[in-house]
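Colleague: Given the coordinates of chain A, assemble chain B onto it according to the supplied hints.
2 protein chains.
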Amino acid sequence: MNDEWKADLQTLFNPRSVALIGASESSSRSRAIISNMREFGYRGEIFPVHPKRDEAFGLRCYPRVTDIPEVVDAFIIAVPRDQVIVALEGCAEKSIPAGVIISAGFAEASPEGKVLQDRLTQIAETAKIRICGPNCYGIANIHERVALLLGTDVRHVQPGKIGLVFQSGGLLNLTLLAAWDRGWGVSHAISCGNEAVIHVAHYAEYLVRDSRTQVVGILTEGIKDPEKFLAVARSAAELEKPLIVLKIGKSEKGVKAAQAHTGTLVGSDTVYDAVFKQHGVVRVHDLDDFIETVELFAKRKRPRGGRLGFIAPSGAECGLIADIATDIGIDLPELPAKTVDRLKKVQSPFLSIRNPLNAPEQYTRKEKIFNACIAALLDADNLDIVGLRLPLPRMREDRDVVNRFVDLVQAGKKTEKLLIVFSRASVSLPEYWRQLLREHEIPFLLEYRKGFKALKSLLSYYRFIDRDRASCDAGVRVDVNLGKVKGLLQSFGRTLTERQSKQILAEYGIPIARETLATSAEEAVEIARRIGYPVVLKIESPEIAHKTEARAVEIGISNDAEVRADYGRIMENARAHNSAAQINGVLVQEMVRGAREVIIGMTQDSQWGPMIILGLGGILVEVLKDIATRVAPLTRFDVEEMMHELKGAKILEGFRGQPPADIAAVIDIVLRFSQLCLDLKADIAEIDINPLMICENGKGAKVVDCLMTRLLPESRHNIGP
Amino acid sequence: MNDEWKADLQTLFNPRSVALIGASESSSRSRAIISNMREFGYRGEIFPVHPKRDEAFGLRCYPRVTDIPEVVDAFIIAVPRDQVIVALEGCAEKSIPAGVIISAGFAEASPEGKVLQDRLTQIAETAKIRICGPNCYGIANIHERVALLLGTDVRHVQPGKIGLVFQSGGLLNLTLLAAWDRGWGVSHAISCGNEAVIHVAHYAEYLVRDSRTQVVGILTEGIKDPEKFLAVARSAAELEKPLIVLKIGKSEKGVKAAQAHTGTLVGSDTVYDAVFKQHGVVRVHDLDDFIETVELFAKRKRPRGGRLGFIAPSGAECGLIADIATDIGIDLPELPAKTVDRLKKVQSPFLSIRNPLNAPEQYTRKEKIFNACIAALLDADNLDIVGLRLPLPRMREDRDVVNRFVDLVQAGKKTEKLLIVFSRASVSLPEYWRQLLREHEIPFLLEYRKGFKALKSLLSYYRFIDRDRASCDAGVRVDVNLGKVKGLLQSFGRTLTERQSKQILAEYGIPIARETLATSAEEAVEIARRIGYPVVLKIESPEIAHKTEARAVEIGISNDAEVRADYGRIMENARAHNSAAQINGVLVQEMVRGAREVIIGMTQDSQWGPMIILGLGGILVEVLKDIATRVAPLTRFDVEEMMHELKGAKILEGFRGQPPADIAAVIDIVLRFSQLCLDLKADIAEIDINPLMICENGKGAKVVDCLMTRLLPESRHNIGP
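Protein sequence lines correspond, in order, to chains A and B.
All the letters of the first sequence, read from the start, carry residue numbers 0 to 720 under numbering that gives the first Met the number 0.
All the letters of the second sequence, read from the start, carry residue numbers 0 to 720 under numbering that gives the first Met the number 0.
Next comes chain A alone, as it looks inside the complex (with noise of 0.2 angstroms):
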């Protein structure tokens, strides 16, 4: 489906003429979406419509839009819900291309609502209408001076840089009051609704190019078009501008029936971190650090490294600052001995020159010394970043510290370093900081935690930003007979055996254990004898996939009475477990011995596709739930970071004097595995690779068990892109 016009939004950002559909002078609506218009300086014409009225608001009323003589550009549709339709068809009687849909009850609301939503959708995408909503606020591009809006006031918001696309009206008006505090710019103000016609993604596109858009703002409850956002998040990493998302509704309990280990571990909100990691979308978890964070890229300079240097005006402030860096993960470097020295010749002995360092002279006044320290970190050549706390907030207004933070300003301009002004303010900004934050850029953040956390998105965005322009190597690339390995899957039932699923995998390349089926004591143990002792007998059978609750499997059987006698053993548990249960007989596997095991595994999102994940064996993952997901395909970097999140990472690099696992080889068949559920995920519902068993560097891995479930047709359906 080609949706490229959805993301032209050129007239319902910048219409010549608008309709507004249900205008009433008696309507408290009416009014507000009137007075913002007007209020905000809209320069187009305006037409009311209301099948009742000559006349509303001091302009010639309409009885329907289609009576209206000439060309109307955009639309808003304020009426009840049971009026819309109608009113929607007239507007694509008369092609008007876009417009706000305000009115509520749709799928947000009822079942029956949901229908209405569906027929309105059907007659956008039939007339190539733009919508903006349902149960909306409505859209403002404010550099044009156009507000399509209900309820939300943008009259005190300044034209610049930051497009903001939200869900939620409510939440968009407290953001704009951040604005508004904060002294940003802004270009666009959207909020969405129930998105019948234009996704999040669309809107998302249009303002990555937009030319005046330079970083934008999401709140989203869910990305309805994944394919169309990765699209979006790939060309805004190429430009820089940064997509900036604050994703809600996480702790949705996602109710999932999976066979597999890997589906039951995977939450339903996590493939958007997944996803937002592989494609540099900065996301945030309340609207506080979003408003921080917002603020830090909009009025960012490109870092060439994340060491901090930091000044603060009491020794305690800095140590507070020293901890809270911690926490969150900042390098506050020490300061070369160059720069202590230079320090040491200005300031009082009574205070030690260290990082953050205490320089109380903003408030003793003693501005040479305080502008020295300013200019030794500017200096120190193992500094990447600066941070100054202002004497805020303060009660009264003070001259001297508003020359201090635009001589920042002009600092910051000449400075190769990004330079951070902080403010330990959970408390009011008087009015004249507001002004001085609108004539001047440079990041000001407020409270250390929240602006420490921005900072660390900010980092986190130029590492992606960087790797991915070092490599956008999709991994391994494996020839496969893909014809052999599907028509391989449809002999197989369901749920395949843990040696059908093996044989799935070494179609890929990715190495197993030895194996061979035996159907008797006596062939078992010439099978064991030829892998060679110890060795590993599990049950054979497609309706046993837990052999272990089964006592089904027996380990390190070291000569041929144990094989002998295990063999009984396990057949007979095996038959206790389930006494209808098909048995093939009895598997004979060579005893990997690797010191470290992960699991891998996939599982399918029904929004985002495979979804694979990697975490370290045993309680690890049992317990702890150590893992890293990602959504297939992966990269090399995507494998290496999905290694270095495990909380367990260090027994991989060995510890204790173990000597390193091989994980070049546990990469290889990550990326092997990859492509395996990019190529197969209309087959293949689920896999656990549980465990592969590492050893040490340079020897290699093998899959010691594998379970996979095979993809139905029927079931089919709930899995996409």
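If you're looking for bench data, these hints aren't it; they were derived computationally from the structure.
A portion of the hints provided could be inaccurate.
Any copy, or any two copies together, can satisfy a pair, since identical chains are not distinguished.
Below are the DSS-like pairs computed for lysine-lysine, each with C-alpha atoms no more than 25 angstroms apart in a straight line [to be verified]:
1) Lys-113 <-> Lys-344
2) Lys-624 <-> Lys-649
3) Lys-343 <-> Lys-113
4) Lys-367 <-> Lys-337
5) Lys-160 <-> Lys-412
6) Lys-365 <-> Lys-412
7) Lys-413 <-> Lys-367
8) Lys-624 <-> Lys-646
9) Lys-365 <-> Lys-337
10) Lys-649 <-> Lys-698
Modeller: Quick look at chain B alone, frame taken from chain A:
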């Protein structure tokens, strides 16, 4: 040392007369101090002291403090550092019982400063002078209009029930600004500086005893007086006067030489977490959380439980609130059917009735519906706390919101529930709101994340208060022949052998694995037969503390031949490892079959004495440092809380079909261990029980290995109290 006089701070906080030593109109310090006193309305007499002036600030000036003809209750010394001692000697001669030393340059600055400070302490201790400082801003008693203060403006601070003790004057200033912004009432504001005489614990003791003070907020870099502090914490808990502490400097790297593993696992800041948890002290980690937490505790009502119902004005915001509550661990239960039915009758059918409850009517001005929503939540029988976000911040005064707030204050008084008002605000509050907050006491929290963290602290506090009353049981009491134990210890070397360590444990009734020392292979075989196969062999040498690293341990030995072979190999490896080591022989030990291991350890903190850790053996401790820490002595509740704190707690409860471990046995052993650590705190430096092997429920636990080192007299001075 009896220091009861140090908490008797009446004359410091309410002096009838004050001498200002170093008074001079040409000094900005003097001017600030005098103007603070006068503008704040100090009613007592002021005597300026200066060697060269007859008059200052319109008052008669005396050359020395001893020249003042009247009784002087308190002094403020604001002279250059090197004149402080002489000035203080004058105050001692004049028998002034209390005062503030503002001058800096003491222990915080240099070794010479430390010498001067020690001299200062000595003079004060001899003359029993209660000194605040040096290197401080001084003190204010807000109710009595007393301000002996430099640079802190307290004129705007209202009298009330919050006492503030801050090591840092700068951060105290910021907090007093917040007090103004949030309409707090403050009883005392104390900048305590270097604590040369009066410590944070003494101020806290004074404030806990003060009838006007109900909440004590403390900022400190470390508690100087552990025993006093614990005593204050105990009486504060008895009186339900919370101590809220921001302890900074937690990122300081504590360098510590330790032989036992426990020592390397415990960070220098960990002890504060432990002590605070054990004594109901509320710990916060930054100033912003400090402010919200004080706000909530100061205006709190005791909630019956922790179940929160929330009303927010949009669906998206409800999602955001649920996300943050999940992050923080706040329970938002489903609403009871009765409440849902009641709400369905009034609410729009387009809105779903859930918790958080979406009630946009405060925006749409449908007051009746909105009031019905609040009433329904206040009546819901499965809720203990009701939170509500007012439509704040706004840019303009809104009488509706003000009236709503006043109504809520009334509702909050009538209900048994704790009613909390939230504001989604990093932005500024207008002046009329400050007025409202001063007039009406109801908790008003800014930002959901900070607010929910404060609420979590409140709930933990009451869990502690209730638990504390339910049982002050110190746990197990073991009858021990302490003389015998100490005698044994003295007969051992600095590092005890495994067998010696276990001898000490056995005296406390801690179960250990059966074992005997063998000095030949044949003797080892005999012992192994007696114990029963399989057995474990380990080298015994006081010089080989880490036996595994020396490859001098073999487990799972199942017959005589293996014993003989392993005996020889272990002796060989041990000699290769350390040819000079004294080798006692090989320990033959029963092989304890337990599925789960824990580590129990002790390390001495130089201030707080023996710290006990509990962790799950193996990688959870090794890689993830998953341990819980407390200071001896432990109560049964402490041990239970320690177990819950472990990330891997589920392992003990049993998972994947394993039976639960014998947790009761572990608790008993840890309590015995606690007594041992306390009894022998002057004798033992560190202990690792690693592992304690736990059998399934009812089958006990046994120590398999243990390492102890003695605290020899020459290093004992590092340990307290």
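Colleague: How would you label the pair Lys-649, Lys-698 (within, between, both, or neither) given a Cα cut-off of 25 angstroms?
Modeller: For Lys-649 and Lys-698, the Cα distance is within 25 angstroms only inside one copy (19 angstroms; across copies 34 angstroms).
Colleague: Within, between, both or neither: how does the pair Lys-160, Lys-412 come out at a Cα-Cα threshold of 25 angstroms?
Modeller: within (19 angstroms within a copy, 47 angstroms between copies)
Colleague: Can you tell me if Lys-365 and Lys-337 fall within 25 angstroms by alpha carbon in one copy, between copies, both or neither?
Modeller: Classified as within: same-chain Cα gap 23 angstroms, cross-chain 67 angstroms, threshold 25 angstroms.
Colleague: What label fits Lys-113 with Lys-344 when the C-alpha limit is 25 angstroms: within, between, both, or neither?
Modeller: Classified as between; 23 angstroms across copies, 73 angstroms inside a copy.
Colleague: Between Lys-367 and Lys-337, at a C-alpha cutoff of 25 angstroms, which is it: within one copy, between copies, both, or neither?
Modeller: This pair counts as within: shortest intra-copy Cα distance 19 angstroms, inter-copy 69 angstroms.
Colleague: How do Lys-624 and Lys-646 come out at 25 angstroms by Cα distance, when the copy is not named: within, between, both, or neither?
Modeller: both (10 angstroms within a copy, 10 angstroms between copies)
Colleague: Should Lys-365 paired with Lys-412 be assigned to within, between, both, or neither, using CA atoms and 25 angstroms as the limit?
Modeller: So Lys-365 and Lys-412 pass the 25 angstroms test inside one copy only (24 angstroms; across, 51 angstroms).
Colleague: Give the relationship of Lys-343 and Lys-113 under a CA distance limit of 25 angstroms: within one copy only, between copies only, both, or neither.
Modeller: Answer is between; shortest inter-copy Cα gap is 20 angstroms, intra-copy 71 angstroms.
Colleague: Using 25 angstroms as the alpha carbon limit, work out where Lys-413 and Lys-367 are close: within a copy, between copies, both or neither.
Modeller: within (19 angstroms within a copy, 59 angstroms between copies)
Colleague: Treating 25 angstroms as the Cα threshold, decide for Lys-624 and Lys-649: within, between, both or neither.
Modeller: Intra 16 angstroms, inter 12 angstroms, cutoff 25 angstroms: intra and inter.
Hint violations for this structure: none, all hints satisfied.
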